[in-house]
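Sequential numbering from 1 applies to the sequence shown in my numbering.
Think of the hints as simulated: they come from the structure by calculation, not from any bench.
All values reported here derive from a predicted model rather than from experimental measurement.
Cβ coordinates follow ideal geometry from the N, Cα and C atoms, glycine included.
Certain hints may be false.
What the hints assert, rightly or not - Distance condition first, Cα-Cα at most 25 Å in a straight line; then the derived SDA-like pairs of lysine to any residue:
1. K25 <-> K234
2. K29 <-> S226
3. K25 <-> G177
4. K29 <-> F206
5. K161 <-> G173
6. K161 <-> P214
7. K89 <-> H20
8. K29 <-> W218
9. K29 <-> D19
10. K89 <-> A65
11. K29 <-> Y63
12. K161 <-> T219
13. K38 <-> G142
14. K25 <-> N179
15. K29 <-> R228
16. K161 <-> G118
17. K38 <-> Q203
18. K29 <-> G42
19. K25 <-> R87
20. K29 <-> R67
21. K234 <-> Q203
22. K38 <-> S66
23. K38 <-> Q92
24. K29 <-> M204
25. K29 <-> D74
26. K38 <-> A62
27. K38 <-> P69
28. K161 <-> K234
As the list claims (entries may be wrong) - Label pairs and their computed distance ranges (CB to CB):
29. Y23 <-> W171: 24 to 34 Å
30. V158 <-> Q43: 26 to 36 Å
31. G192 <-> P214: 40 to 50 Å
32. R228 <-> E96: 29 to 39 Å
33. G70 <-> V24: 12 to 22 Å
34. E168 <-> L233: 11 to 21 Å
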Amino acid sequence: MNKMPPSQYRGFDTYTRTDHHSYVKENFKVLADLLQEKLEAGQIGPDSRVLDVGCATGALIAYLASRFPGFSFDGLDISEELIGIAREKVPQARFETGSVADLPQWCESTYDVALLIGVLGIFDEEEARDALYRLIDSVREGGVIYVFHQFNEFDIDVMVKHRRVDPENRWDGWGAGWNIYSYRTIGEWLEGRCRSHRFIDFQMPFPLEPQDNPVRTWTIDLADGSRRLTNGLKLLVDLRFLEIVV
1 MNKMPPSQYR GFDTYTRTDH HSYVKENFKV LADLLQEKLE AGQIGPDSRV LDVGCATGAL
61 IAYLASRFPG FSFDGLDISE ELIGIAREKV PQARFETGSV ADLPQWCEST YDVALLIGVL
121 GIFDEEEARD ALYRLIDSVR EGGVIYVFHQ FNEFDIDVMV KHRRVDPENR WDGWGAGWNI
181 YSYRTIGEWL EGRCRSHRFI DFQMPFPLEP QDNPVRTWTI DLADGSRRLT NGLKLLVDLR
241 FLEIVV
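Sequences and hints are given; from them, build the entire structure.
Quick look at the structure:
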């Protein structure tokens, strides 16, 4: 898989303008609960090694380290600036600059847990498939992978390109980040490569207001009383965890 040119993802300023260590995202809490279930079931140990691909400034690792003090953490991100912040914020973890394409050289297939949170939708089809394969290769037999993004229960894959055109934040090209892969496609990719996989729905437990950056999500109330995420791309965003047991 070729490395994704950083120019295709244009959300780095989200992490440099906002201190994501000052609060805990709701999906972080759900992920920690899922890991706690695996720990209590004996599927991972209290000294598990965890790899977070696309770790940004290390906010997720910082939170998980507070929940699981016996775990060791490695973080990987293509942004040198974000990795620099992560090293300052979470000095007890190891952080390296690189992409998921670097994994075969960077790790030795010994992780108990691998994470890809909010990243898969950046990749086109071949890149996304190979990203999952590299994650599988990075995890020991019996280990677990969690991928957090949009997944479509209908048999449709969706490729999305977008760009901001407001004068103060105009992009000089198109950005990626909201591609959607179907349950069927994910299942076909994973067939014969893992013990099991499942999708876990995520629901925002409280309302979110629109932000200055219209690419960021907020919630709307639907006629049936449910709360849904949307954004300035005019998408209804159904976020889910993909759990892969290797």
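Structure versus earlier hints - violations, ascending order | No hint contradicted; all consistent.
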